[in-house]
Amino acid sequence: MTTVLCADPDEAVAGVGDGSTVLVGGFGMAGMPVALIDALIRQGATDLTVVSNNAGNGDTGLAALLAAGRVRKVVCSFPRQADSWVFDGLYRQGRVELELVPQGTLAERMRAAGAGIGAFYCPTGVGTPLAEGKETREIDGRSHVLEYPLRGDVALIGAYRADRMGNLVYRKTARNFGPVMATAATTVVAQVREVVDVGALDPEAVVTPGIYVDRVVEVTS
Amino acid sequence: MTTVLCADPDEAVAGVGDGSTVLVGGFGMAGMPVALIDALIRQGATDLTVVSNNAGNGDTGLAALLAAGRVRKVVCSFPRQADSWVFDGLYRQGRVELELVPQGTLAERMRAAGAGIGAFYCPTGVGTPLAEGKETREIDGRSHVLEYPLRGDVALIGAYRADRMGNLVYRKTARNFGPVMATAATTVVAQVREVVDVGALDPEAVVTPGIYVDRVVEVTS
Amino acid sequence: MSTRTLVAGVLAGPADLDAVPTTAPGPLDKHAMAALVARDIPAGSFVNLGIGQPTLVADHLPAGSGVVLHTENGMLNMGPAALGDEVDPDLTNAGKVPVTELPGAAYFHHADSFAMMRGGHLDVCVLGAFQVSARGDLANWHTGAPDAIPAVGGAMDLATGARQVFVMMTLFAKDGTSKLVPSCTYPLTGLACVSRLYTDQAVFDLGPDGAVLRETFGCSARELVERLGRG
Amino acid sequence: MSTRTLVAGVLAGPADLDAVPTTAPGPLDKHAMAALVARDIPAGSFVNLGIGQPTLVADHLPAGSGVVLHTENGMLNMGPAALGDEVDPDLTNAGKVPVTELPGAAYFHHADSFAMMRGGHLDVCVLGAFQVSARGDLANWHTGAPDAIPAVGGAMDLATGARQVFVMMTLFAKDGTSKLVPSCTYPLTGLACVSRLYTDQAVFDLGPDGAVLRETFGCSARELVERLGRG
Chain U
7 MTTVLCADPD
17 EAVAGVGDGS
27 TVLVGGFGMA
37 GMPVALIDAL
47 IRQGATDLTV
57 VSNNAGNGDT
67 GLAALLAAGR
77 VRKVVCSFPR
87 QADSWVFDGL
97 YRQGRVELEL
107 VPQGTLAERM
117 RAAGAGIGAF
127 YCPTGVGTPL
137 AEGKETREID
147 GRSHVLEYPL
157 RGDVALIGAY
167 RADRMGNLVY
177 RKTARNFGPV
187 MATAATTVVA
197 QVREVVDVGA
207 LDPEAVVTPG
217 IYVDRVVEVT
227 S
Chain C
7 MTTVLCADPD
17 EAVAGVGDGS
27 TVLVGGFGMA
37 GMPVALIDAL
47 IRQGATDLTV
57 VSNNAGNGDT
67 GLAALLAAGR
77 VRKVVCSFPR
87 QADSWVFDGL
97 YRQGRVELEL
107 VPQGTLAERM
117 RAAGAGIGAF
127 YCPTGVGTPL
137 AEGKETREID
147 GRSHVLEYPL
157 RGDVALIGAY
167 RADRMGNLVY
177 RKTARNFGPV
187 MATAATTVVA
197 QVREVVDVGA
207 LDPEAVVTPG
217 IYVDRVVEVT
227 S
Chain E
13 MSTRTLVAGV
23 LAGPADLDAV
33 PTTAPGPLDK
43 HAMAALVARD
53 IPAGSFVNLG
63 IGQPTLVADH
73 LPAGSGVVLH
83 TENGMLNMGP
93 AALGDEVDPD
103 LTNAGKVPVT
113 ELPGAAYFHH
123 ADSFAMMRGG
133 HLDVCVLGAF
143 QVSARGDLAN
153 WHTGAPDAIP
163 AVGGAMDLAT
173 GARQVFVMMT
183 LFAKDGTSKL
193 VPSCTYPLTG
203 LACVSRLYTD
213 QAVFDLGPDG
223 AVLRETFGCS
233 ARELVERLGR
243 G
Chain B
13 MSTRTLVAGV
23 LAGPADLDAV
33 PTTAPGPLDK
43 HAMAALVARD
53 IPAGSFVNLG
63 IGQPTLVADH
73 LPAGSGVVLH
83 TENGMLNMGP
93 AALGDEVDPD
103 LTNAGKVPVT
113 ELPGAAYFHH
123 ADSFAMMRGG
133 HLDVCVLGAF
143 QVSARGDLAN
153 WHTGAPDAIP
163 AVGGAMDLAT
173 GARQVFVMMT
183 LFAKDGTSKL
193 VPSCTYPLTG
203 LACVSRLYTD
213 QAVFDLGPDG
223 AVLRETFGCS
233 ARELVERLGR
243 G
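Chains as they are written, first to last, in the numbering used here: chain U, 7 to 227; chain C, 7 to 227; chain E, 13 to 243; chain B, 13 to 243.
In short, the hints are calculated from the structure, not lab data. The beta carbon of each residue, even a glycine, is placed where N, CA and C say it ideally should be. It is possible that some hints are incorrect.
So, partial list: chain C residues that the calculated Cβ filter (under 8 Å) puts toward chain B [unchecked claim]:
1) Met7
2) Thr8
3) Gly120
4) Ala121
5) Gly122
6) Gly124
7) Tyr166
8) Asp169
9) Met171
10) Thr189
11) Val204
12) Gly205
13) Glu210
14) Val212
15) Pro215
Quick list of the computed label-pair ranges, beta carbon to beta carbon [what the hints assert, rightly or not]:
16) C/Arg143 with E/Gly219: 37 to 45 Å
17) U/Thr52 with C/Arg199: 32 to 40 Å
18) U/Gly147 with C/Gly25: 15 to 23 Å
Work the whole structure out from these sequences, hints included.
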């Protein structure tokens, strides 16, 4: 349905329910939708499952959401970083669950959710603790693990520019998880640096077509 | 390895072996690498399996390859068209095999080949003749068919522009199968309308990175 | 269901057969059918129109409807057919007919295009059919004739992937038999996928309980059900 | 294999231990190791350099090598670290360090980036390790310590996907035990994936028959194997 241009980040995250699975874009701080996360903290949804590559940096963004006690579980590939003290503390206290997923499998599971793939056999992680308990199958002489789609109720992503139909372009490596998460959630919210008129984006260079984007909010930093 | 700029289409298709599986881009004539197919006819490889969306139009391109008797089997989604008389005749005479694959499954099987996915459960075609004999599984209350990767020895694709490192951009709906096939074959050959200098393509708008492209040939029509 | 008459899988409307409105004086032509389909597509929907008659639906979408057309060969915001100088061999619809691009368009490759379809991101697709069963099974790719060359294209992907599948067809074949059937005899495209059937004679909702008549054209619901019973 | 001595899974070189050349007067520092790895990367290769020490390999690739660097957060043709005004928060490597873009770069999203890796399109990746087994098993993501917070990132994807996996590490841990082991005791990253091991003491080829010494630095092969036997 038609993409809604929101007046501010609070309007953009309205209605996120307790217990939701929230896909959060970004790789480190590149592409991280900080204004949307801040708005989600104000909005108050709790008992969240957060799917993101990392588990927060410093005291802002995802780290602030974690510090506010809103996150029940983190699904990510790389929680431990030099400045991930908020997650580290909560994890060591047993106050947040962790599902660790290889980075490519994390992306591919969301891609499968967005692409209507029921499950897929993946060679990554075979024979490692991250494949324990998972169904495996030998295909073409190689072992594979069966992986299932990973869906979000909401995706919060950061992009560079949006047009008024919700078409998105990204900038450099800040593209990272945004285009995949945009396909994998029921409600997709994009924080962009600039909203441009329809026709201002090159149709050959649109990365996320507006069909995937429910709400857009311009955040000039 | 480094992309080779070829002097002409004949150099670009050199070395295709008898019995090869050849992925041929294009949807109808849009994106069809006609000069490469013509060169492949001159090159002489035979007993080919051709994977393409259609099975040739009129008397040129893929239809000419079929007419030359070089194709043992066609894997495609839509062989029957108003002007597919060459294929139609060979098929009715039992001189060419046909593996019919739903269009999206055709694309996804090649994507799986390029993406290192061992197999995937796909809802398309469940309960239809095209799923007969295939393994099925109920996932999340929905039936799925297990589909396997589709790999090529060679891909012949048409693109719009290439830089000297093999980065490709396409034009409008001529993009179709090119980007997927480029990931799924051992040797990828791209026919382009123009070769430009490295740095002339916008890195945000490159659709097929040069890593996937082995040979490029400029064909000005 | 137990209290309603089931004839060839066709039930009456919400109340009973006599309550089903007859909304046109005679059978509809393909343009009128297309207009009817267009009327039922919610504003702002993302829609794929199958090749052939469904393409006509585009002509009847009201200005400002915000409906965005998808073509499975890799584009959103497809415009009308290209005329004269607009014709560009690099820009066609799924039927290989030259089309135009509207502002806000986006191009993508086939795997992405079908991921969009299979992933349930299209609100509506409109397809033609050889046969549709009262429960919504669709047969539209192959007559099963021994000499026919089968061609499926994106029909199965659309039937499986779109949130709602509308079918547009004549209700009766040239030999007078109904194309709305208790169970398809032609090879299937998809199971239980069609939610609404638009025909020249009537519109039906299809579902697990069978076909429910919504409106008829040029004949009463009672007459139509009788004819279906004989077909 | 039967005629060669196997110590902690380490075999001699092509001929025997005495034939393995000692090519440096002492153990290598990380820069010399990086230079050695760079020497062995074929011209024109597509290469992913893991975070930490492997990043140094970029400094030793000869001008005109045509080696293209991939970073798994979505880029090919990555340039050197960004300095001063070059720093752009939207452009980092997998270690979140600001980097630059070379002409001919391309950006792509994470699913495409890891499809590229898992699909076998990268010629070489260079990783660090906690332990490597003589058969090429890799342990580089988790020490298994009970209080450690596990973090895997793209390590498993790279180990599984790259055509050749090179590992760069010191041969001995701080406590003097060998990090080249008959069988990893740390949680695995990948099975039988490492083909060559570059250490400060020696270079090894790894494979189904065990580790084969190629060259040593500052000690003879015989001395090294003895030390490994004790480790």
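To see whether the hints hold, each was checked on the structure:
no. : hint                               : in the structure
1   : Met7                               : holds (5 Å)
2   : Thr8                               : holds (4 Å)
3   : Gly120                             : holds (5 Å)
4   : Ala121                             : holds (3 Å)
5   : Gly122                             : holds (3 Å)
6   : Gly124                             : violated (10 Å)
7   : Tyr166                             : violated (15 Å)
8   : Asp169                             : holds (6 Å)
9   : Met171                             : holds (4 Å)
10  : Thr189                             : holds (6 Å)
11  : Val204                             : holds (4 Å)
12  : Gly205                             : holds (4 Å)
13  : Glu210                             : holds (6 Å)
14  : Val212                             : holds (4 Å)
15  : Pro215                             : holds (4 Å)
16  : C/Arg143 with E/Gly219: 37 to 45 Å : violated (25 Å)
17  : U/Thr52 with C/Arg199: 32 to 40 Å  : violated (56 Å)
18  : U/Gly147 with C/Gly25: 15 to 23 Å  : holds (21 Å)
Hints 6, 7, 16, 17 from the list above are not met by this structure, while the remaining hints are.
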